[in-house]
Every structure is written in C-alpha cells, then in structure tokens.
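There are 2 protein chains.
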Amino acid sequence: MPELRKDPIVGRWVIISTDRAKRPTDFLRAPVVLKGGFCPFCYGNENKTPHEIVAYRPNGTAAQRDSDGWSVRVVPNKFPALQIEGMLNRQAEGMFDKMQGVGAHEVIIETPDHTATLATLPAKRIEEVLWAFRDRVVDLRQDKRLKYILIFKNHGEAAGATLEHPHSQLIALPIIPKHAVEEIDGAKQYYIFKERCIFCDIVRQELENPVRVVDENDDFVTMAPFAPRFPFETWILPKRHESSFENSSSHVFENLAKAIKLLAMKADAVLDHPAYNLVIHTSPLQDAGNEFYHWHIEFMPKLAKTAGFEWGTGFYMNPTPPEESARFLREADLSLLTPEETGAK
Amino acid sequence: MPELRKDPIVGRWVIISTDRAKRPTDFLRAPVVLKGGFCPFCYGNENKTPHEIVAYRPNGTAAQRDSDGWSVRVVPNKFPALQIEGMLNRQAEGMFDKMQGVGAHEVIIETPDHTATLATLPAKRIEEVLWAFRDRVVDLRQDKRLKYILIFKNHGEAAGATLEHPHSQLIALPIIPKHAVEEIDGAKQYYIFKERCIFCDIVRQELENPVRVVDENDDFVTMAPFAPRFPFETWILPKRHESSFENSSSHVFENLAKAIKLLAMKADAVLDHPAYNLVIHTSPLQDAGNEFYHWHIEFMPKLAKTAGFEWGTGFYMNPTPPEESARFLREADLSLLTPEETGAK
Chain A
1 MPELRKDPIV GRWVIISTDR AKRPTDFLRA PVVLKGGFCP FCYGNENKTP HEIVAYRPNG
61 TAAQRDSDGW SVRVVPNKFP ALQIEGMLNR QAEGMFDKMQ GVGAHEVIIE TPDHTATLAT
121 LPAKRIEEVL WAFRDRVVDL RQDKRLKYIL IFKNHGEAAG ATLEHPHSQL IALPIIPKHA
181 VEEIDGAKQY YIFKERCIFC DIVRQELENP VRVVDENDDF VTMAPFAPRF PFETWILPKR
241 HESSFENSSS HVFENLAKAI KLLAMKADAV LDHPAYNLVI HTSPLQDAGN EFYHWHIEFM
301 PKLAKTAGFE WGTGFYMNPT PPEESARFLR EADLSLLTPE ETGAK
Chain B
1 MPELRKDPIV GRWVIISTDR AKRPTDFLRA PVVLKGGFCP FCYGNENKTP HEIVAYRPNG
61 TAAQRDSDGW SVRVVPNKFP ALQIEGMLNR QAEGMFDKMQ GVGAHEVIIE TPDHTATLAT
121 LPAKRIEEVL WAFRDRVVDL RQDKRLKYIL IFKNHGEAAG ATLEHPHSQL IALPIIPKHA
181 VEEIDGAKQY YIFKERCIFC DIVRQELENP VRVVDENDDF VTMAPFAPRF PFETWILPKR
241 HESSFENSSS HVFENLAKAI KLLAMKADAV LDHPAYNLVI HTSPLQDAGN EFYHWHIEFM
301 PKLAKTAGFE WGTGFYMNPT PPEESARFLR EADLSLLTPE ETGAK
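Those protein sequence lines, which keep their order, are chains A and B.
Be aware that the first sequence starts at 1, since it is given in this note's numbering, and climbs by one per residue.
Be aware that the second sequence starts at 1, since it is given in this note's numbering, and climbs by one per residue.
Each hint should be verified, as a subset may be incorrect.
Any copy will do: because identical chains look the same in the list, a pair fits if it lies in one copy or spans two.
Derived lysine to aspartate or glutamate pairs resembling EDC-like cross-links, with alpha carbons at most 16 Å apart [unchecked claim]:
#, residue 1, residue 2
1, Lys6, Asp97
2, Lys78, Asp19
3, Lys98, Glu323
4, Lys98, Glu3
5, Lys6, Glu93
Calculated from the structure, these hints are not laboratory results.
So here's chain A without its partners, still in its complex pose (with noise of 0.2 Å):
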C-alpha cells in the first residue's frame, strides 16, 4: 500500500509509492548531452557578457578585467529578472501590493572548461565557485535593501538552464521567498516548542539509523529526506549547526565541495547523467545567524515523465521512496565511471 507522509518542516503531506517503486532504469532517461556553438563564457569571449564583478585569477590584477585566464568568473545576467538600480517603490494597486523589481542577478560562471560538470570537476575548483558564491553574498548583504540571496544551479535543458557552459545563477531579493518564509517559520515553530533547531534533530535521527544516508564526511551528510517530492530528491545537510550558508567555517567548503562532486558522480553513474537542479536553502539576510534554521542544498534531479499530477496541483506523488533512492546512490558504483566522466584523465 502507498504511503502518505509529511515533511517535518513545512507539513506537506506527499504520497510515496511504496508497490511497484520506480528503479532507476524504470525512469526515461534523457542523459544531458552537449550541442555546442557559440558560447559567451568560454575564454576569448569576456566582451560577449557585461562587464564581470569579480573573477578568480591566479596572480591576477585590475587590468586583467574582462579578459581571460580567470577559474571563475561572475557577471551580472545579461537578462535580469530584477536591476540592481532604483527604488523599491511599496505600493497598492487597490488591494494589491507591488513594488519595483529591484534586486541582483549574477552569473557564475564556474569554470572555463565548456565540458565540465560538478561531477567532472576537481573538487579543490568547486570549492572555488562555493568561495565565489560566499564573496557575492558577503558583498550584497550590504545593501540594505535586500533581504534573501537565492543561489541555484539548472543543469541540462530539461532542468532549465539555457546555455549549456557550466554555470549558477545567483538572486539577490527585496523580498523573502515564500518557500523560505514557510522552512524558516516551520523550523521556528519546532524550536518554540522543543527548543532544538529541526534540522539538527533529523540529521542525529537519520545518522543513528541510515536508511535515508547516501555518504557522510566530517562536516557533511547526503541523504534523501523523509518525505520527498521528486524521485532521487537528496539533501546535503551541514553535520554541525549553521544557519546560513555564507557564515559557515571557511574549513567546510572543502568538505562541501567533497560531498558534491561525490553526489554529481554518483547521479551520473546511477541516473545516466540526469538534468538537475540544485538549490542552497539560507537564512534571509538580516537573520543570518540564529538557532533554529539550518542552511542546506536541495538536489533534485529531473527525471523525464514521472507520474506528472502534480502539475499544477500542487500535490506531489513520488514514485520512489527515498530508502531506496538513498540505497541506489549509496551503493552507486563509481568504478563504471570513466576517467572522463569522474574528471580523472
């Protein structure tokens, strides 16, 4: 019989097939595949995208902006969802409210290599994009007019990204999103009436007994949560508490960027390289550090025609419990991987 369960954080109930449990080979797979042509983030092409905020270059100097030889770059969008300039403008329009879509939207452009993947990548170069990420969250906290910086990855056309060259996008909001309003208050509610931070709880529950647990390293831990929406949803949680990703100990990164490349090699080898998305889930600005929220990345791979009610409906149905999403990935087999695809060559 399927079963229905609920996120411990924000409540949503979600129905997890339990039956006849989709396998990884059950799903269609569209493997992401490369189609090439121009690419304005490969090297040589700096003057295709606005003028960058900051790069990474060995040595580097001022004079260097905008020309090559960078590891990693960040440009504004070159088509922002939201400007950086002007007032936000509160208003009502009779019973609604709006305001000007001022905010950020940068680019990380997180190598030069057209070809490379989180899985591909060494994962001294991810750590490299994770300081990147820091450094803009440090630098626009200051604006006082933004409150929540959502940081993501689309990978792959089926997961939304438009240009193929390995890339985050970074959203820097005047306003808090509503997925974070309802974790942040959900976990506050926990924390009034037990005084431990939720996360903290679950990551000592799912450690103690692994079913959920994909790998672990001394700061990290991968696993599938309780109540997923999508097939081969994993979370990788921080061990100890954090609240936000920006104030972590800058001796985590390392392990972070460990557990990612680790969990991308993992999808590759056992989804056959799916599209995904990847989110890091913080604290807004002016509450970044606090007790009872604990910051986090959400990967979800996208896994073509998978039950599709949902749409629209706003009800989730997962066709794989995470116990064995979490298995398939634990005991994923890397040594089927080639050089090429684990970055080895």
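The hints should help you fit chain B onto chain A, whose structure is shown.
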C-alpha cells in the same frame, strides 16, 4: 523595470517582466497532437479498465454496466496513487509522521470521442462532465476518512497526461494538501480582518477595472490573477460567493461549462493548442460551507521553456504580465478557428 507582485491570498511574491514581455508567439509552441494506438477509454474497450463506478447512459440500466453507449464514464485509476480499502493507521517513525495511503483515485472519461477536447466538446457535454465531478464528490464525502478531493485535468503529454483520450482525474485524500491549506488559511486571515471573502473582493475590484478580465457571463468571471506564477495562467471564479464546487447551485454548471469551453477555444486560438492543467480549488469536505473561501478553477497552459529558474527554487518569474495575457485572450479571434477546432462541424 520588472515588477514584484504579491498574491493577496497566499502571500507569494512573483517577478513579472514588464520590459520585454513575452507575447504568445514568443513561446516555443508545442501543439498537442494525437498519436493514436490502442485506447482503453474508447467504446468497445470497457473491459480494459477496472469496473466502472458510474456512467451516464441515455435510459441506462444496471445491466449495461461496462458496456458502450455512455457519454461520461467514471472508473478507478488502474494504477492508483491511493487505495480505497484499509485503515489510515497514523503513526510515527521517530520524529516523522506517516499513514497508510488510503483514498480514492478515479478517472472521469469525458466523452467517447477520442479526438475531442474542452474546446471542441459542446458546452452541454462539458456540463455533463461537471455533473459527474459533483456526483463523485457527493458520494465520496460520505467516507469520513476523506478530508479533501482534488479534481484536475492534464491535457497533453507536456502537462503530464499519459493517455490522450479526454479525461480528468479525481483524488480523494485523508489529509488536506498543503497548497489548499495555504489558500484557505490566507482567505481566513483576510476574513478575520475584513469580514469579507477575499475572492469576492477580488472579483468586485477586477470587474470595476477589467484590465485582467478575459470574459464574463451571468455566473462566472474568467480572469488572469494579479500575481500569476505562469504566463497565461487564468482563473474562472463564481461571481457569487460559494465555498465549495459541489455545493454550487445546479443552474450555474451550465454557465461554468460555457466559460470553460470559451477559455479552451481561446487558448487554442492564441497559444496554438497548448498542453494545459486545469485544477478545481475548493473547500475541504468537512468545512464545505463557509464564508471565507471561494472555490474556483485555475487554468495553466504549459508553455515550453519559459524561464526555468523556478525549477526547484520555488520562486517564480513570469515573462508575461497578466494584463497582457488577459488582453490576448480577451481579444482572441475565434473566427480563425475551423469548425473542427470549435466542435461546430
């Protein structure tokens, strides 16, 4: 400059592009096409579905069960997400909550005509489908384990439909889904503050200055919401307060059927036969008659490759302002549709 708009019911902020607003022809169009092949919902294949729950036949008798001659036929889903037999068996798993997946999952086959759509079906036949929805809710609500009934239609493969024969689905749940709780709670808060239904207020304000109104008839208004998540998202709301779909005065179903057919024809004309989801939002079964919630239909065409960054982030950017989408639908030239496309053949 883009605009941030807040949905007044659930408090969700959405980015609305205003500068380079996308027009209907700017979307990658993927008209729904029929592929044919064996269909378990066509006449003569009644034994390929589970036994029918109810069917409308002119002068029908019980002896005709599972034979042809029906105009609307309701059957259990062959691969149900939930099962009707069993105890809820609510229980803990450590700090988590779960229960058995008890509920109903039914399919409403809307017509014997494999090629029909809501645009081509005569309004009278759509009205019959609405009566079938109502009959099923009235029957299922006797089961006190059930708390909420979701009725929705996925049209086209891109919208999640796995069978192309025109059909809707009904899922009766022992919990209230999160998106319904959010809408109901938001409406309740407004009611506590204003002592008026928020949807009634919206209908009144929108009809006074009808920039987002697509159409209206005596009983319904078809309009784009102020802060739509998706381009061309359109709602059909009863003009007079009614908290639940199934408690509507019987005479309104005629005008609801007309409003649905008109919207489906206009979507076909403006967006070239898009895939879409149509969802009935209504009150929980045990609170079906109330002053604060107002049932309605949400219609969301699935326009391919719109933006992408809402995937996973839970934050929406809509490239088409609702004033624009409403204008395109309002001014749709239905004379461009062939008699086949309107069912007038």
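Here is how each hint holds up against the structure:
no.: 1; hint: Lys6 to Asp97; result: between (32 Å within a copy, 6 Å between copies)
no.: 2; hint: Lys78 to Asp19; result: between (47 Å within a copy, 14 Å between copies)
no.: 3; hint: Lys98 to Glu323; result: between (43 Å within a copy, 14 Å between copies)
no.: 4; hint: Lys98 to Glu3; result: between (41 Å within a copy, 7 Å between copies)
no.: 5; hint: Lys6 to Glu93; result: between (37 Å within a copy, 11 Å between copies)
The structure meets every hint from the earlier list without exception.
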